Structure formats: structure tokens, C-alpha cells
Amino acid sequence: MATISIPKRRFEFTRTQRRALITGLVFISPALIGLAFFTIWPIIQSAYYSFTNYDILRPPRWIGLQNYERLLNDRVFVLALSNTLIMVVVGLPIHLLFDLGMAFLLNSKIRGLSIYRTIFYIPSITPVVASAIVWMWLFNGQYGILNVILGWFGIAPIGWLTDPNWIKTSLIFMGLWFGGNTILVYLAGLQEVPTHLIEAAELDGANAWQKTRNITLPMISPIIFYTIIINIIGYFQYFTEGWVLTATREGAAGGPANSALFYSMYLYQNAFQQFKMGYASAQAWILFVIVLIATVIVFRTSGWVYYHAEE
Amino acid sequence: MAAPQTIRTAVPAPVAIDWRQNRIIIERIKQGVAYVICTAMALAFVFPLYWLVVTALKTDLEIFLVPPSILPVNPQWQNFYQATIYIDFWRFMFNTFAIAALSIIGTVTSCTVIAYGFARIRWPGRNIIFLIYLSTIMLPAQVTLIPLYITYRSMGWVGTILPLVVPSFFGNPFFVFLLRQFLMTIPHELTDAARIDGASEVGILRYVVLPLVRPALATVALFTFVNVYRDYLAPLIYLQNQDQWTISLGLKMFQNMYGAQWQLMMAASTLAMLPMLILFFLTQRTFIKGIALTGLKE
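Line by line, the protein sequences give chains A and B.
Yeah, the first sequence ends on 311 if you go by our numbering, and it's all consecutive.
Yeah, the second sequence ends on 298 if you go by our numbering, and it's all consecutive.
Think of the hints as simulated: they come from the structure by calculation, not from any bench.
Among the hints, a few may not be true.
What the hints assert, rightly or not - Straight-line alpha carbon distances no greater than 16 Å define the calculated EDC-like cross-link-like pairs of lysine to aspartate or glutamate that follow:
#1 A/LYS109 - B/GLU27
#2 A/LYS211 - B/GLU27
#3 A/LYS109 - A/GLU192
#4 A/LYS168 - A/GLU241
#5 A/LYS276 - A/GLU12
#6 A/LYS276 - A/ASP74
Keep in mind the model is a prediction, meaning the values are calculated, not measured.
Model the full assembly from the supplied sequences, consistent with the hints where possible.
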């Protein structure tokens, strides 16, 4: 009898535990309600809508896999997807490497650090639309200052926002300005690297590259990992900058020959301009799966991330 | 700091001194290079903001000068006033601040309570639930966008500010994470003592914990404000009536209607950025205080 009652008791909570459980659940109930109503239920609904034809006015009609089949043959969709992948595969590494480089430079004990920090940070908190308008003016083909400066060096004007071969480069370039907050994230990480480790390496005769490669980078690798994950998700959702810089008065967007039509922009057009809610839901689900795969790949290949055990 | 250095330079071996002097020279060069690059980059980062203000002060003819004037010939300060009457600027500002205020109230209260539940009450399963909750940060918002729109529409919420405000009362995983980090630094003896004295959990949260995490709450409020102020997609989808528009939607309308009036568009953009810049310079200290609190380990 006693042998039976032991495992049974293990799964039973004591009175205090049960009270703690109830109190805990009460405190986190806003999160649970939010999770259910604003996340889990909509995800299920979204999956359902993706198998339907739904224009809001009439009830959704089940059409099976048709939306997904049509998406695969939708040239604009494939273009939007490839444009977005270019931003993730090219734009994101440029962005993070630039920020990491700047953080290293700022970490070399230069004077006036707080001023530099402020300057690099401020663009990332300005309203996106306001800043995008400034950049439209900088990028202006005829009167924009960028082409004027190029002209001083005898370089022909560039169609920053009008040339399909240039527009993504322009957006990536502009993105560096918007993303300066990552510099501060890296800088904070670099300042946390224990100096005694670097001093020890110096005594062993390590050169600058060896110190960076074997101490500094491993120590901030969790932060790099975090910024990669967060930015992959962000870049897949790239919307406002692209929308504001390319939207026309008539409500179209995407730039010349849809060269700057990104995934979320096309999704927005389908959902809120053409009210193809089923079609857009299928797009949303494909995005969900792609982001999930990308995140899993990053997690799986995260062997380079070093978690320093705290003493 | 000075003491160990004098000891080092006092090392008598001449070889060591040579090595060290080389080191110092190399360090100096490296620092110089870093200084030059950082300054160049800082200027590049400031330039768009400078150009924004300069263009805002030009006349409608001067903006099209080639080569452009680096400073406005005759600063047109009235451009700022004009920009505020071309679009319903003050109404858009008021709307933005109203949405931000409500979102801040919602986010700060809900996240505090939730974070307290995760950090200060020891209930079985809290860590696994927290991990699940936190992992929803990685969910692309597009997946929930359409069903939520349809739900809000059926509730008659589209065309009101409710879809922008109500969700903030149900927590935000990122801010809960942030507050949880702060709450976990508070020694358990403090809250246990209050519990033994018969204080309720709400009482402990209110009178023991809250005063200690105030800087963290300020950080959450600040970030919430930044998010609301910068948001474009959600207002675009939900605010259909111009009376309710936020400043971001207003600026976009400005661009649609008076796209060639660059100087006025720049003036409006400058004015839209101003509150954010002022706020940043006023609250730098809050950030620092918030960071300092993480040092409370005892």
C-alpha cells in the first residue's frame, strides 16, 4: 500500500503550493487571456481562412488548397518573396556587421562616447514616416543631395528610388541609419566583457585579432545571436519604410517593376486593398512557416554561441 | 587606476619598456583611426536631420536650387506654422498622444502584474509557461493581423482607437520579460517578511515591490511611447476616420496631397520628430537609472 501512495503523493500539490498556483495564475491572467484572444485563437482562425475564399462581406467559403496553389503560380508573390529574401540574406548581415564594427570602434575608449551614442541612437526612435520623407528628399533623382555629392566626383546621377536595380540597395543603405540602436546593444555587450580575460590573453602574447576572435566575440556571441533572431523576424516583416518610400497617391506601392514590393506589403495589398482575406491568410501562414524554419536553422547552427558561466 | 600603472612603468627591464611603448603607440594610432571613423559616421548620421531642418527653412524656389544651398538664404520660419495648417497637425498630435497615454497605462499596469506573477510568486510550472509566453515574441504579427481585423470589425471596433489600445491591457511579452528581470533582483527576504506580517500579494506588489521598480516602469512607459509614436501599420488599418488619425498617417497624407511642397513636408516632419527628441533628452537619466537598478543584487 505504501509503495502505491508514494508516487501518487508526488503529483499532488501541498496546500501552500495549490494556493501559490492559484495566486500565480490570477496574477498572470491578463497574459493568459491575451495569449488566448490575441495570439492562439487568431492563429487558428488564420489557418482556417487560408483554406477559404473570403472577402469579409460574404461568409468564408471552403476551397481547400486553392489559395496555396494560386500563390505558387502568382508571379508577384514570388517576386515579393525573393525581394524579401534579398533583404534578409544581404541587408541583414550588412546591417549587423556595420553595427558591430561601429560598436568595436566606439569601445576603443574614445572621448565623448555619450555624444556618439546619442547620435547613433536618435534616428532609430524618430517616427518612421517622418524620417522616410527626409530620405525621399535625399534620394531625389534631380534635386537630392546624394546625387549632387556624387556629381562633385563626376559620377552620373543614380536613380536611388526609380531604378529597379538600385532601390533595394538604397533601402539597405537607409536601413543602416534607422538601425543604429543595435550599435548600442553591441556596445553594451562589449563593455561587459571582463577586462581580466583580455589582460590574461595579453600576458600570453595574444595579438589584437586573437583577442577579438577568442575572447571578445565569444563573450558577446549571445547578444549577436539575439540580434540575429530579432532582426530576421523584423526583416521578414519589413513594411513601413518600403511602403512610405514607394506608395503612390493612388495607393499602389512597390516601386518600379515591383522591385521594392516586400512580403508584408503584398500581404497588406491583398488583405486591406483588395479584401482577399483568404488569399492573404495563406500568405501569412507561409510567412509564419518560413520565419519558423529560419529561426530553427539559426538555433540549430548556434554552436558558435558561447554562454559564459557566471561565478 | 593610476597606481598599477606607475608600478608597471617602474619595471626596470629595458626590453619590457620597449614592448610597452610600442604597445602604447599602436593603441594611440588605433584610437585615432577609431576616432576619425566614428566622427565621420556620426556626421553622416546627423546629416539627414540637419538637411531636414535646413530644407524646412527654405522657400519653395530655393529647395530646387542646383547646387543646393547649405544654409537657407532667408530662413522661412513661417513654414512651420504653414505646415500645421496644411494638415490638421495639432489634432493628429493630440490623437497620437491620447493613444500613447492609454497604451502606456495599459502596458505598465498589465505587465507589472504579470511580471509579478512570474517573478515573485513561486507556483509550479511558472517557468515553462513563461517560456511559452516569451516565445510568442517570435511570431510574425502578420499571422494574427487578418483574424484580429475581422474580429474587431464584427465588434464594430474598426474606425475607433480600441484595436490600438485594448490589447495593451493584456501584457506584452517583451516588457514582461524586462520587468521580470528587475523583479527577480529584489531579495526574497523582503517580500517574505511582508507575507509573514500578513500582507496580501496585491499589498506587497503595491507597497513593497512597486517603489523599487519605478525606474523599470519608466523604461517600459518610454519604450511603449516610442512604439506607439512610430507605428504606422496599425493606425493605417484601423483608423479610417481622419478625425482619429495619428501624426504618421497625417504626414503620409501630406505627402500624397502636397508632395511637391518639400519645404512644408520637411517642416511637418521636423515638428513630428520634435516631441521624440525632447523626450529623449529629458529621459536619458531614466535609462541610466533603469540600468543602475540591475546592479541591485545583495
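Hints versus structure:
no. : hint                : result
1   : A/LYS109 - B/GLU27  : 10 Å, holds
2   : A/LYS211 - B/GLU27  : 14 Å, holds
3   : A/LYS109 - A/GLU192 : 14 Å, holds
4   : A/LYS168 - A/GLU241 : 11 Å, holds
5   : A/LYS276 - A/GLU12  : 51 Å, violated
6   : A/LYS276 - A/ASP74  : 14 Å, holds
Of the numbered hints listed earlier, the single one contradicted by the structure is hint 5.
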